[in-house]
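J.: The hints should help you fit chain B onto chain A, whose structure is shown.
Going down the list, the sequences are from chains A and B. Here the first sequence stands for residues 459 to 702, numbered as in our numbering. Here the second sequence stands for residues 11 to 269, numbered as in our numbering.
In case anyone wonders, no lab produced these hints; they're calculated from the structure. As the structure is a computational prediction, the values presented were derived from the model and not from experiment. From the three backbone atoms N, C-alpha and C, an ideal C-beta is built for every residue, glycine too. Careful: at least some of the hints might be erroneous.
Said to hold, decoys possible - Example chain B residues on the side facing chain A (calculated, C-beta under 10 Å, incomplete):
| hint | residue |
| --- | --- |
| 1 | Thr-134 |
| 2 | Ser-135 |
| 3 | Leu-137 |
| 4 | Glu-141 |
| 5 | Ala-144 |
Said to hold, decoys possible - Have a look at the derived ranges for each label pair, beta carbon to beta carbon:
| hint | chain 1 | residue 1 | chain 2 | residue 2 | range |
| --- | --- | --- | --- | --- | --- |
| 6 | A | Ser-557 | B | Val-64 | 41 to 51 Å |
| 7 | B | Met-11 | A | Gln-516 | 38 to 48 Å |
| 8 | A | Arg-463 | B | Gly-256 | 52 to 62 Å |
| 9 | B | Leu-255 | A | Arg-507 | 35 to 45 Å |
| 10 | A | Ser-557 | B | Ile-260 | 51 to 61 Å |
| 11 | A | Ser-492 | B | Ser-24 | 30 to 40 Å |
| 12 | A | Gly-651 | B | Leu-264 | 51 to 61 Å |
| 13 | A | Arg-671 | B | Gly-118 | 41 to 51 Å |
| 14 | B | Ser-24 | A | Arg-463 | 45 to 55 Å |
| 15 | A | Pro-668 | B | Val-233 | 54 to 64 Å |
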Amino acid sequence: MTIPRGKVTAIMGPSGCGKSTLLNFMGGRLKPDSGDIRVNEASVPSLNRRDLYALRRQMGMMFQSSALLTDLSVFENVAFPIREHTALPDELVRNLVLSKLQMVGLRGARHLMPAELSGGMTRRVALARAIALDPMLVMYDEPFTGLDPISLGVIVKLIREVNDALNMTSVVVTHDVAEGCSIADYVYLLGAGKVIGEGSPEQMSGTTLPEVRQFMDGLPDGPVAYHYPARDYKEDLFKEWPDD
Amino acid sequence: MTSIRLLGRWVIYSVQRLGRATVFLMSTLVGVFLILRRFPLIVQQVFAVGVLTVLIIVVSGLFVGMVLGLQGYNTLVDFGAESSLGLVVALSLTRELGPVLTALLFAGRAGSALTAEIGLMKATSQLAGMEMMAVDPIERVMAPRFLAGFIALPLLAAMFTAIGVLGGYLIGVGLLGVDSGVYWTSMQEGVDVYDDIMNGVIKSVVFGFVVTWIAVFEGYDAVPTSEGVSRATTRTVVIASLAVLGLDFILTSLMFNEV
Numbered sequence: 459m460t461i462p463r464g465k466v467t468a469i470m471g472p473s474g475c476g477k478s479t480l481l482n483f484m485g486g487r488l489k490p491d492s493g494d495i496r497v498n499e500a501s502v503p504s505l506n507r508r509d510l511y512a513l514r515r516q517m518g519m520m521f522q523s524s525a526l527l528t529d530l531s532v533f534e535n536v537a538f539p540i541r542e543h544t545a546l547p548d549e550l551v552r553n554l555v556l557s558k559l560q561m562v563g564l565r566g567a568r569h570l571m572p573a574e575l576s577g578g579m580t581r582r583v584a585l586a587r588a589i590a591l592d593p594m595l596v597m598y599d600e601p602f603t604g605l606d607p608i609s610l611g612v613i614v615k616l617i618r619e620v621n622d623a624l625n626m627t628s629v630v631v632t633h634d635v636a637e638g639c640s641i642a643d644y645v646y647l648l649g650a651g652k653v654i655g656e657g658s659p660e661q662m663s664g665t666t667l668p669e670v671r672q673f674m675d676g677l678p679d680g681p682v683a684y685h686y687p688a689r690d691y692k693e694d695l696f697k698e699w700p701d702d
Numbered sequence: 011m012t013s014i015r016l017l018g019r020w021v022i023y024s025v026q027r028l029g030r031a032t033v034f035l036m037s038t039l040v041g042v043f044l045i046l047r048r049f050p051l052i053v054q055q056v057f058a059v060g061v062l063t064v065l066i067i068v069v070s071g072l073f074v075g076m077v078l079g080l081q082g083y084n085t086l087v088d089f090g091a092e093s094s095l096g097l098v099v100a101l102s103l104t105r106e107l108g109p110v111l112t113a114l115l116f117a118g119r120a121g122s123a124l125t126a127e128i129g130l131m132k133a134t135s136q137l138a139g140m141e142m143m144a145v146d147p148i149e150r151v152m153a154p155r156f157l158a159g160f161i162a163l164p165l166l167a168a169m170f171t172a173i174g175v176l177g178g179y180l181i182g183v184g185l186l187g188v189d190s191g192v193y194w195t196s197m198q199e200g201v202d203v204y205d206d207i208m209n210g211v212i213k214s215v216v217f218g219f220v221v222t223w224i225a226v227f228e229g230y231d232a233v234p235t236s237e238g239v240s241r242a243t244t245r246t247v248v249i250a251s252l253a254v255l256g257l258d259f260i261l262t263s264l265m266f267n268e269v
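Excised from the complex, chain A in its bound form:
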């Protein structure tokens, strides 16, 4: 797999096919049993701790659960990476944080605590925090899950805008076909730990591969079977008691 620089790449696939694991590989939180992951020419699995942490400063990640620090306000959450990694004066930190919050439309909500935010707002704060240090690469883990249509629209728009405005590379992991295709420049489709299809969103919609079709059209049965593996139904029904 190759993630093109400066583009939004969507990695799609059914739940449990290894999408989030892939992000964990890219961020160096997990090490692959075999193979290599290169970010900006650096081989992530073989980096030592110091270099890995240096690389992570150039990465932003938005978790599915947002992972905001619950004891800090919205402002302090966005300021957290800035304060941890720079010795900038408070005045400058404030300006930086306010500019990021302005991008996601939450400058006015800076005094709120994470528990007071709606699901969509939480994601937007997490997005502002992910881009706080102007990273070269931002990874989004299921950014569209569990959002109402308005919040969903906002997040879709923001991911695209932020990518283009800050000239960075975005990787969006999602099982949401419509949203994934609507913002991606390039799509990878994973199934059972393998790439089963790739191309532009248009190419993916036009493909005839049955694995890809089943996912893109949301068909309940196909190469990914509807039934969990089981013995024959009739045999199971007429089996003598007691059951296994």
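T.: Structure of chain B alone, referenced to chain A:
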């Protein structure tokens, strides 16, 4: 056969956990040195684990002192030795009850809170989030909490002992009519700074180290689900309490075997 297998599994599991806890302790101690320059973080945690535990320590210390005064008087008066009440109260508190009860209360109040907080941070991917922001959670979250517990427990134990002595005075002198001067003089003559007070302080330092280590590790090692966090919290209180009582026996036999 099954029981042998279960025993084997339990031993392997325990040794593995002990290994993880030791590695964790080492990284935390390194983190403690790195975090020393960030004083506000430590102050914040000393407030959370120390200052917020003061109330329960003060109230418990007062009652324990009052009970000691009452029981001590009732026993001593039979031998006409009620003039030694001050000494009995002070020695019981400085040597044993101060450090031990404080550590037990600390494990229940602050230890469980530490485990639950860290466990929930893990369950809500806050620790993973920090890692991805290139912030080491061991240094940023565990080290200040560990250091704070280590600082707070000896101070709380001192507070417990002092309030306990006052509680004993309240009952012994105020209620049962022991002479005030005798209460304090017996204490002044009988309590040794090194043998009694310092040994008590050493105990509370050891307890502070162990209880906070267990609490922070259990949180860090918790299974990131609601059930996992609840189990980890329970384990903190149980293991820390047993560790305190066991260590107290060992320390007492090392310190006071000649007395």
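J.: Let me know if the C-beta of Ala-144(B) comes in closer than 10 Å to any C-beta of chain A, holds or violated.
T.: The hint holds - Ala-144(B) has a Cβ within 10 Å of chain A, the shortest such distance being about 4 Å.
J.: Let's test the interface hint: is any C-beta of chain A closer than 10 Å to that of Ser-135(B)?
T.: holds (4 Å)
J.: Taking 54 to 64 Å as the stated bounds, is the beta-carbon spacing between Pro-668(A) and Val-233(B) within them?
T.: violated (39 Å)
J.: Given the hint of 38 to 48 Å, is the C-beta distance from Met-11(B) to Gln-516(A) inside that range or not?
T.: violated (56 Å)
J.: Against the range 35 to 45 Å, how does the distance between the Cβ atoms of Leu-255(B) and Arg-507(A) compare: consistent or not?
T.: holds (39 Å)
J.: Is the hinted range of 41 to 51 Å satisfied by the C-beta distance from Arg-671(A) to Gly-118(B)?
T.: violated (59 Å)
J.: Verify the CB-CB distance for Ser-24(B) and Arg-463(A) against the hinted window 45 to 55 Å.
T.: Hint holds: Cβ distance 49 Å, inside 45 to 55 Å.
J.: Regarding the hint that Thr-134(B) lies at the interface with chain A, is the smallest CB-CB distance below 10 Å?
T.: holds (6 Å)
J.: Could you say whether the range 30 to 40 Å given as a hint is met by the Cβ separation of Ser-492(A) and Ser-24(B)?
T.: The hinted range 30 to 40 Å holds for Ser-492(A) and Ser-24(B), with Cβ atoms some 33 Å apart.
J.: Within 51 to 61 Å: is that where the Cβ-Cβ distance between Ser-557(A) and Ile-260(B) falls?
T.: holds (58 Å)
J.: Holds or violated: Leu-137(B) as interface residue toward chain A, Cβ cutoff 10 Å?
T.: Nearest chain A Cβ about 9 Å off; hint holds.
J.: Given a hint of 41 to 51 Å, does the C-beta separation of Ser-557(A) and Val-64(B) actually sit inside it?
T.: holds (43 Å)
Hints 7, 13, 15 from the earlier list are contradicted by this structure; the remaining hints agree with it.
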